[in-house]
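Q: Could you put the whole structure together from the sequences, leaning on the hints where they help?
There are 2 protein chains.
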Amino acid sequence: MKNILIIGAGRSASACINYCLNHAAENGGFVTVADANPEQAQKRINNHPNGRSAWLDVNKSNDRKDLISRHDIVVSLLPAHLHLLVATDCIKYQKHLVTASYVSKEMYRLGDEARNASLIFMGEMGLDPGIDHMSAMKLLDNIRDKGGNITAFRSYAGGLIAPESDDNPWHYKFTWNPRNVVLAGQGTAQYMENGKYKYIPYSRLFKEHHSVDVPGMGPYDAYANRDSLLYREIYGVEGIPNILRATLRFPGFCDAWNALVQIGLTDGSYPIHDADKITYHEWMNAYLPAGNGSVKERMADFLGEKIDSDVMNKLEWLGLFRKKRINMKQATPALILEHLLLDKWKLSPKDKDMIIMQHEIEYELDNQKKKVVSSMVMKGKDENDTAMSRLVGLPMGIFVKLIIDGKITTTGVNIPVMKEVYDPVLEELEKYGVVFKEYETEMS
Amino acid sequence: MKNILIIGAGRSASACINYCLNHAAENGGFVTVADANPEQAQKRINNHPNGRSAWLDVNKSNDRKDLISRHDIVVSLLPAHLHLLVATDCIKYQKHLVTASYVSKEMYRLGDEARNASLIFMGEMGLDPGIDHMSAMKLLDNIRDKGGNITAFRSYAGGLIAPESDDNPWHYKFTWNPRNVVLAGQGTAQYMENGKYKYIPYSRLFKEHHSVDVPGMGPYDAYANRDSLLYREIYGVEGIPNILRATLRFPGFCDAWNALVQIGLTDGSYPIHDADKITYHEWMNAYLPAGNGSVKERMADFLGEKIDSDVMNKLEWLGLFRKKRINMKQATPALILEHLLLDKWKLSPKDKDMIIMQHEIEYELDNQKKKVVSSMVMKGKDENDTAMSRLVGLPMGIFVKLIIDGKITTTGVNIPVMKEVYDPVLEELEKYGVVFKEYETEMS
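In order, the protein sequences belong to chains A and B. In terms of the working numbering, the first sequence opens at residue 1 and continues consecutively. In terms of the working numbering, the second sequence opens at residue 1 and continues consecutively.
Any given hint could turn out to be false.
Stated by the list, open to error - Below, computed lysine-lysine pairings styled on BS3-like, alpha-carbon distance capped at 30 angstroms:
| # | chain 1 | residue 1 | chain 2 | residue 2 |
| --- | --- | --- | --- | --- |
| 1 | B | Lys371 | A | Lys323 |
| 2 | A | Lys323 | A | Lys138 |
| 3 | A | Lys369 | A | Lys352 |
| 4 | A | Lys277 | A | Lys329 |
| 5 | B | Lys371 | B | Lys207 |
| 6 | B | Lys207 | A | Lys306 |
| 7 | B | Lys431 | B | Lys379 |
| 8 | A | Lys198 | B | Lys323 |
| 9 | A | Lys277 | B | Lys146 |
| 10 | A | Lys369 | A | Lys43 |
| 11 | B | Lys196 | A | Lys196 |
| 12 | B | Lys207 | A | Lys207 |
| 13 | B | Lys146 | A | Lys198 |
| 14 | B | Lys207 | A | Lys198 |
| 15 | B | Lys196 | A | Lys296 |
| 16 | B | Lys323 | A | Lys196 |
| 17 | A | Lys346 | A | Lys277 |
| 18 | B | Lys306 | B | Lys329 |
| 19 | A | Lys379 | A | Lys437 |
| 20 | A | Lys207 | B | Lys306 |
| 21 | B | Lys431 | B | Lys146 |
| 22 | B | Lys196 | A | Lys198 |
| 23 | A | Lys329 | A | Lys346 |
| 24 | B | Lys324 | A | Lys296 |
| 25 | B | Lys146 | A | Lys207 |
| 26 | A | Lys296 | A | Lys324 |
| 27 | B | Lys92 | B | Lys105 |
| 28 | A | Lys105 | A | Lys65 |
| 29 | A | Lys371 | A | Lys431 |
| 30 | A | Lys371 | A | Lys437 |
| 31 | A | Lys324 | B | Lys198 |
| 32 | A | Lys198 | B | Lys324 |
| 33 | B | Lys277 | A | Lys323 |
| 34 | A | Lys324 | A | Lys138 |
| 35 | A | Lys277 | B | Lys105 |
| 36 | B | Lys296 | A | Lys196 |
| 37 | A | Lys329 | B | Lys105 |
| 38 | A | Lys196 | B | Lys329 |
| 39 | A | Lys196 | A | Lys369 |
| 40 | B | Lys146 | B | Lys371 |
Since the hints were made in silico from the structure, they are not lab data.
A: Below, the structure written as C-alpha cells:
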C-alpha cells in the first residue's frame with residue numbers, strides 16, 4: 001500500500017508531489033507523476049529516488065487503466081470533469097482516490113460501490129473546499145461537545161496579495177484561476193439571517209458587501225458566496241438561524257468591481273462587435289448613451305462617481321479609457337476584461353500571495369452568549385511557491401499519508417468533515433505554518 | 001390548390017381561421033382545422049359549410065403525414081419548436097407552409113429543398129414579427145426608390161391596454177404570453193447610434209428607457225429590444241449609422257418594472273425556499289438586509305424611492321407587501337411574479353387591448369434631411385376578440401389567399417420583406433383597420 005499515482009503535473013501540483021516524495025523517502029514506497037506532458041512530470045519529480053514520471057493521455061482508456069491498476073492510491077489533479085473517468089477505474093481496480101475538487105452528483109453515486117469495496121474516495125481535500133471544511137468542523141464539533149447551542153456560522157476566505165507585494169490601486173492580483181475571478185458571483189447568493197432566507201442577485205452582490213475585521217490584519221470587504229446553504233446538512237447545522245459563506249477582498253475592491261458589473265463588463269454571454277478593430281475607449285463608449293463630455297466624464301456620471309473617485313481611479317488604472325486597441329476577435333466582455341486583467345494583475349516573480357480564512361461562530365452555553373473567531377493567515381514565498389498552491393496541495397498529500405499509515409476507517413465518497421480526518425490533517429498542516437488563531441468573547 | 005390545413009385551434013387562431021373560411025365561401029375550397037382537442041377545432045369551424053375539424057396529435061407521425069398529404073397549403077399555429085416536424089412533411093408531400101413564428105436556423109436549412117420544389121415556406125407572418133417587417137420594408141423601399149439615403153431606422157411596437165380599459169396604476173394588462181412579459185429583455189440589448197454599437201445589459205435596460213411620441217396618442221416609454229441588429233441585412237440597411245428596435249409601454253411602467261428587476265423578482269434560475277409557507281411580505285423581506293423600519297420602508301430606501309412614490313404605489317398595488325401566502329411549491333421568483341401578475345393584470349371580459357406600431361426613418365434626399373414617422377394604432381373589441389390575436393392571425397390568412405390566387409412567385413424559406421408580399425398584404429389589412437398614418441418633416 002505504498003505506491004502513489006498522481007495524475008496531473010500542473011503548476012499547483014508541486015506541494016502535493018513534494019509531500020508524497022518526502023514521505024516515501026522516509027517510509028519507502030514510490031510516487032508516479034503522470035501527465036500528458038512527460039517533461040513537466042519529470043521536472044516535478046526532479047530525479048527524486050522514490051519518484052518516476054509517466055506519460056499519460058487520460059482519455060486513452062487502456063493506458064489509464066494500466067497505470068491505475070499498478071498503484072495503491074490515486075490522486076487526481078485533473079480538471080474536475082475528468083475525475084469520474086479515474087474514479088470508475090478506481091472502483092474496478094479497487095484503489096483509493098483523492099481530489100481537491102467539488103464532489104459531483106455523479107461521483108456521489110459511486111458511494112455504495114466504493115463502500116462495499118472498503119475504498120475511500122475523498123473529494124474537496126484542498127483549501128476551499130478543503131481546509132475550510134476541516135477547520136470549521138473542528139470548531140463546530142468542539143462547541144457541540146461542550147454542549148453549546150450554535151446560533152450563527154459565518155465563514156470567510158480570500159486568496160489575496162500580501163501587503164508587502166501590493167502595488168496597485170485594486171490591491172489585488174491573480175493567484176488562482178483568472179476566469180473564475182471574472183465570473184465570480186454570477187447567479188443569486190443565498191444565505192440565512194435571523195432565521196430568514198436572504199437573496200442577493202448578482203447585479204447588487206458587489207454593492208452590498210460588508211466589512212469583516214480580521215484580527216491583526218484590519219478590515220476587509222466581504223461579498224456573499226452563492227452557496228452559503230450548501231453544507232448545512234453535512235456540517236450538522238440545518239436548524240441554525242444565521243449562516244453565511246463569503247469571499248474577502250481588500251477594502252475598496254468590491255465597490256470598484258461593482259462598477260465593472262454595472263457597466264456590463266463581466267458578461268460572458270455575447271460577443272462584442274468589431275472587438276478586433278475598436279479601442280478600450282470606444283468599448284466603454286459603447287455602454288454609454290450619446291451625450292456631452294468625455295467618455296470618462298460620462299462614465300463617472302453614469303456610475304454616480306466623482307471623476308477622481310477611488311472607483312474611477314481604479315478604472316482609469318486598468319486602461320479602460322485608453323485609446324489602445326483591444327485586438328481580440330469575437331470576444332465576450334468577460335473575455336476582454338480577463339485578458340486586460342491578466343496583464344494588470346499578474347504576479348511579479350518575487351510577489352507573495354496571501355490566504356486569509358476566518359470562521360465566526362456564535363453559540364449559547366450555560367445561558368451565556370459567546371462568539372469565537374478563528375483566523376488563519378498565510379503568505380507565499382514567491383510567484384511560483386504560492387500559499388494558494390501549498391494550501392491546495394498539502395491536504396491531499398497529508399491525507400494520502402494517513403491512508404498509507406492505516407489511520408482512515410471511513411469508506412465511500414466523502415468530503416473531509418470527520419474528526420479522524422480533520423484532526424490529523426490540521427495537526428500536520430500546522431507544521432507547515434497553517435495555524436488558526438482563536439479568540440473568544442462573551443456577548444451581552 | 002384550395003384545400004387549407006390549419007394546425008392548432010388555440011385562442012389566437014380565430015382571425016386566421018375565419019379569414020380562410022370566408023375566402024373559401026366566396027371562392028370554393030375547404031379549410032380543415034386540426035387540433036389535439038377536437039372540440040376546440042369544431043368550435044372554431046362553427047358549422048361553416050367550407051370547414052371541417054380533425055383530431056391530430058402532431059407527434060403521431062402517420063396521422064400528421066396523412067393529413068398534410070391531403071391538403072395544398074399548411075398553416076402551423078403550433079408552438080414554435082414543432083414547426084420543423086410539419087415543415088419536413090411539407091417538403092416530402094410538396095405543400096406550402098405559413099407560420100407566424102421566428103424562422104429558426106433549422107428551418108432556413110430547408111430553403112434549398114423548398115426552392116427546388118417551387119414551394120414557399122413563409123415564417124414571421126404575424127404581427128411582430130410580421131406586420132413590422134412588411135410596414136418597415138414598404139417605407140424603406142419607397143425612400144430608396146426615390147433615391148433617398150437612409151441614415152436612421154427606429155422601430156417601436158407595444159401590445160398595450162386601450163386607455164378606456166386602463167384601470168390600474170401600471171397601465172398594463174396581459175394581452176399575450178405572460179411568461180414572455182416577465183422574462184422580457186433578459187440578456188444584453190444591442191443597437192447602433194451615430195455609427196457606433198451600443199450595449200445595454202439587462203440590469204439597466206428598464207432604467208435606461210427613453211420617451212417616444214406617438215402622434216395623436218402622446219408620449220410612451222420605450223426600452224430597447226435585444227435584437228435591433230438582427231434584420232440589418234435582410235432589410236438592406238447594413239451600413240446605416242442608427243438602428244433601434246424597441247418596445248412601447250405607458251409612461252411610468254419601465255421605472256416600476258426596473259424596481260422588480262433590481263429587487264430580483266424576474267429571475268427564473270433558482271427556486272425560493274419555502275415558497276409554499278411564506279407570505280409576499282416575507283418574500284420581499286428576503287431581498288433586504290436586516291434593518292429598522294417596515295419592509296415597505298426598507299424597500300423604498302433600497303430603491304431610492306419615497307414611500308409614496310409612483311413606483312412604490314405600483315409595488316403596493318401588486319400586493320408585494322401583503323401578509324398573504326404565496327402558496328406555490330419550488331417556484332422561481334419569475335414564476336411567483338407571473339402568478340401574481342396573472343391575477344392583477346387579467347383582462348376583464350369587456351376590456352379592449354391596443355396595438356401600437358411606429359417606424360421612424362431619417363434620410364437624405366437632394367441635400368435635404370428628412371424624417372418620416374409612420375404609426376398604426378389598433379384596438380380590440382373585447383377580452384376574446386383582441387387586436388393582438390387579429391393582427392397575428394390575419395396576415396397568415398391573407399398570405400394563404402395570395403398563394404391560392406397565384407400571386408406569389410417567391411420560393412424557399414422566407415420572411416415577408418418582398419414587395420410582392422407586403423404590398424397586397426398591407427392593402428388587404430387596411431380593410432380590417434390596420435392603417436399606418438405617415439407624416440414627414442424636414443430636419444434642419
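Q: Within 30 angstroms, alpha carbon to alpha carbon, are Lys277(A) and Lys146(B)?
A: violated (35 angstroms)
Q: Can the restraint linking Lys431(B) and Lys379(B) be considered satisfied, given a maximum Cα separation of 30 angstroms?
A: Measuring from Cα to Cα gives roughly 15 angstroms; hence the hint holds.
Q: Tell me if the straight-line CA distance from Lys371(A) to Lys437(A) falls inside 30 angstroms.
A: Judged against 30 angstroms, a Cα distance of about 14 angstroms means the pair holds.
Q: Are Lys431(B) and Lys146(B) close enough, with their CA atoms no more than 30 angstroms apart?
A: This hinted pair holds, its Cα atoms lying about 27 angstroms apart.
Q: Is Lys196(B) close enough to Lys296(A), meaning Cα to Cα at most 30 angstroms?
A: holds (17 angstroms)
Q: Holds or violated: Lys379(A) and Lys437(A), Cα atoms, limit 30 angstroms.
A: Holds, at about 15 angstroms.
Q: Verify the proposed pairing of Lys207(B) with Lys207(A), using a straight-line Cα cut of 30 angstroms.
A: holds (18 angstroms)
Q: Would you mind confirming whether the straight-line C-alpha gap from Lys92(B) to Lys105(B) stays at or under 30 angstroms?
A: Given that 30 angstroms is the threshold and the Cα spacing comes to 19 angstroms, the pair holds.
Q: Does Lys146(B) pair with Lys371(B) here, judged by a C-alpha cut-off of 30 angstroms?
A: Given that 30 angstroms is the threshold and the Cα spacing comes to 14 angstroms, the pair holds.
Q: Hinted pair, alpha-carbon criterion (30 angstroms max): Lys277(A), Lys105(B). Please report holds or violated.
A: Measuring from Cα to Cα gives roughly 28 angstroms; hence the hint holds.
Q: Does Lys352(A) lie within 30 angstroms of Lys369(A) when you go C-alpha to C-alpha?
A: violated (39 angstroms)
Q: Tell me if the straight-line CA distance from Lys323(B) to Lys196(A) falls inside 30 angstroms.
A: holds (15 angstroms)
Hints 1, 2, 3, 9, 10, 11, 13, 18, 22, 24, 25, 33, 34 from the list above are not met by this structure, while the remaining hints are.
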